[in-house]
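From first to last, the protein sequence lines stand for chains A and B.
Residues in the first sequence are numbered from 1 upward in steps of one, following the numbering used here.
Residues in the second sequence are numbered from 1001 upward in steps of one, following the numbering used here.
Accuracy of the hints is not assured; some may be wrong.
Unchecked claim - Below, a list of computed lysine-lysine pairs in the PhoX-like style, where the Cα atoms sit at most 25 Å apart:
hint	chain 1	residue 1	chain 2	residue 2
1	B	1190	B	1228
2	B	1021	A	200
3	B	1053	A	202
4	B	1100	A	60
Keep in mind the hints are simulated off the structure, nothing from the lab.
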Amino acid sequence: MTFNIIVLAKQVPDTRNVGKDAMKADGTVNRGALPAIFNPEDLNALEQALGIKDQYPGTKITVLTMGPARAAEILREGLFRGADDGVLLTDRAFAGADTLATSYALAMAVKKIGDFDIIISGRQAIDGDTAQVGPQVAEKLGIPQVTYAEAIESIDRKRARVKRRLENGVEVVESPLPLLVTVNGSARTCRPRNAKFLQKYKHAKTVTERQVENLDYIDLYSSRPYLNLTEWSVADVNADPVQCGLSGSPTKVKKIENVVFQAKESKRLTDDDTELEDLIKELIANHTIG
Amino acid sequence: MANFYTDTPQFRHYLNHPLMKRIVELKERNYTDKHTYDYAPMDFEDAMDSYDKILEVVGEICGDIIEPNAETVDHSGPTVADGRVTYASPTQENLDALNKAELMGMAFPRRFGGLNFPMVPYMISADIVSRADASFQNIWMLQDCGETIYEFASDEQKNEYLPRVARGETMSMDLTEPDAGSDLQAVMLKASYNEKEGQWYLNGVKRFITNGDADIHLVLARSEEGTKDARGLSMYVYDKNSGGVTVRRIENKMGIKGAPTCELVFKNAKAELVGSRRMGLIKYVMSLMNGARLGIMAQSVGISEAACREAYDYALERRQFGKAIIEMPPVFEMLANMRAKTDASRAILYETCRFVDMYKILEDISRERKLTPEERDEMKYYSRLADAFTPLGKGMTSEYANQNAYDAIQIHGGSGYMKDYKCERLYRDARITNIYEGTTQLQVVAAIRHVTTGTYLNRIREYEAMPVLPELEPLKRTLSKMAQMYEKLAEIVTAPKDEEYLDFHARRLVESAGHVIMGHLLLQDANKEPEMFRRSAEVYIHYGQVEVVKNYNFVTKSRIEDLGYYKPVLSE
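For reference, chain A alone in the conformation it holds in the complex:
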């Protein structure tokens, strides 16, 4: 038994270690100042796919990402960990996409890939935190979705059993295939890059990346087809340009503000149990917790 898996991944600015110059004066993210990384929850998603591949050798994992030319790095990162293939969706016409336009483009790319049993993505990206793209892709493809997954516990030709981590508990659900799953950061951490895959795929490049002067090891790209990473434009995935990028994005940003968290009022407690209990009661009463 083998499966075809598509992992949706995004290259994001590393917002976890934000320095002084992380934001521009106008309140937008200064992408140049932050290293570009594999969105953390997408790595959790990849690990779920790799787990299935461990169990069912011969399973094929394709990493799909949308972004500028440098987002091809995400595809290589996927290959280094055990993915089989990578597709970069890149076109000027995709630029400025909100979640709707993004999910449209990704859904069109998934259709172009064709055969798949399961699509796995991270719950959300650390730059936007919308958690909308995965569910919207499922809607556009007309397939079921399981969100907030912590583990794909089992899978067979017909269905998958998925453990969901929800705010107040755990839920185990079953869904028929094909299926889209979004994975939480609480899922198993992704395995490290594999030394052999790293060496095998480190020269893998997209067409755009190969268009440099004095490309190293130029002959390899004909003798080792797997080093040619797929790159698709709007036209390649038969997408409607109007529904892509800025023109396909109804979301308009009204204003961006810098928010500094600070305590408005503070209280000091002693280590007395009853004081702690009173605090908990108070927080429950005003719905801060619970």
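Using the hints, position chain B against chain A.
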């Protein structure tokens, strides 16, 4: 989010040493593997890039997984039940991560599932792993036993065992017995051959066996009944799947608590002979030990690095008398000495690795084709240097690891004495490095002949011939004075031709050679990368000079007859 490779720029400096070009060319046989393996390098630059990228993975695993696990590993440690060992669960997690990354047979040729790493990048990994968790390095480094299988076992055995190790099965080297520690000639574990079955069986007890419940064991046993010395010992490989060996107990150790140290009982355990009978100790264990000593050097350097960082961070943060203690001369002197000793240790570690690489690779090539006369000379030259530098480096770096761990606690003051701080574990972990794989005293025994035959002095002359920047000339002159003193010292101690007198001062001689050599290595490093090494070169050479003078004074200010005052008075 820490990366223990990229946060230490010294590694890339050593990885890019000029001799690496020749080492990698030889190791890769002019890059012929690329036709067979899709992960083999295209050329030198490609190979170097791969080492760098893979070391980044090692650094990430160490920073993100192994180091954060180390405290729990130290506290919980392995357990034994029903004759079998279970690692602390984070230890298993470490192993799984390295396994998934296929970092378990790093130095093996690709045809056995390895990455064909030369010693330099392989030991950089060991250095990094040790900084993260010295006890885990023990388990991981035992893949080194594969080297002995590769060199001496039959093709059938190589094909059986090496790919298994590369896939993550662990190894152990079962040498020590209750009455055979430093003196391995006394090994009694019995190997008997059943003619009818054509099968060897092992019976007896081994003690202090690191990772003793490994999947694959190399066992030193007495195959020649009635013999009492080294010539009656042979080497065997035991496969845990065949059964017959149980773990009677694991030791409760002071440090490296994550690595199980086992007492093993062999009861009719089936085993296979490795290589020729009677060569077990004389040839195979000697080779095994040289590899293991290099591993302990790397472990020592890793512990030193960790100690330096812990002490530095604490000194920066801790305020007393209105300022950070790092601003106080007694503290910053300790920190500077620690950094200098760590850098000097790393310098001799990778110098030794290069020597080992050169001669081992040429030796390996000689199994495939006849070496040219030049290559044969080269092999002899480097083999001698490796033989001289391995005990010297093991001795010096492990003593420094202890000194650095000691000073790290001192800088922490009372807090460092508590279990709450990492320096306390480092201190316990460091303590074994100058004991196992031969105590410092035994390293001196191995090293002293390179004092008397001039190997060290010849190498020092070669260093002296290497040019340095004008601003480093004063350091070079100091080293030259130190070398003169060392040479004089060697003359004085060898002149009476009294073996006991030589043995008495041997450590002083070997350490003096060490100071000169390590000083030169740092000088060369500072010459190339002044920003990175100048301070350590200055501090270390200053420190070394005083040590050499001290040794010189000890010898010259005492008489041969004074030995009598040191001798024990034994009553009947």
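Results of checking the hints against the structure:
| no. | hint | result |
| --- | --- | --- |
| 1 | B:1190 / B:1228 | holds, 12 Å |
| 2 | B:1021 / A:200 | holds, 22 Å |
| 3 | B:1053 / A:202 | holds, 9 Å |
| 4 | B:1100 / A:60 | holds, 18 Å |
Figure legend: structure checked against the earlier numbered hints; every hint is met.
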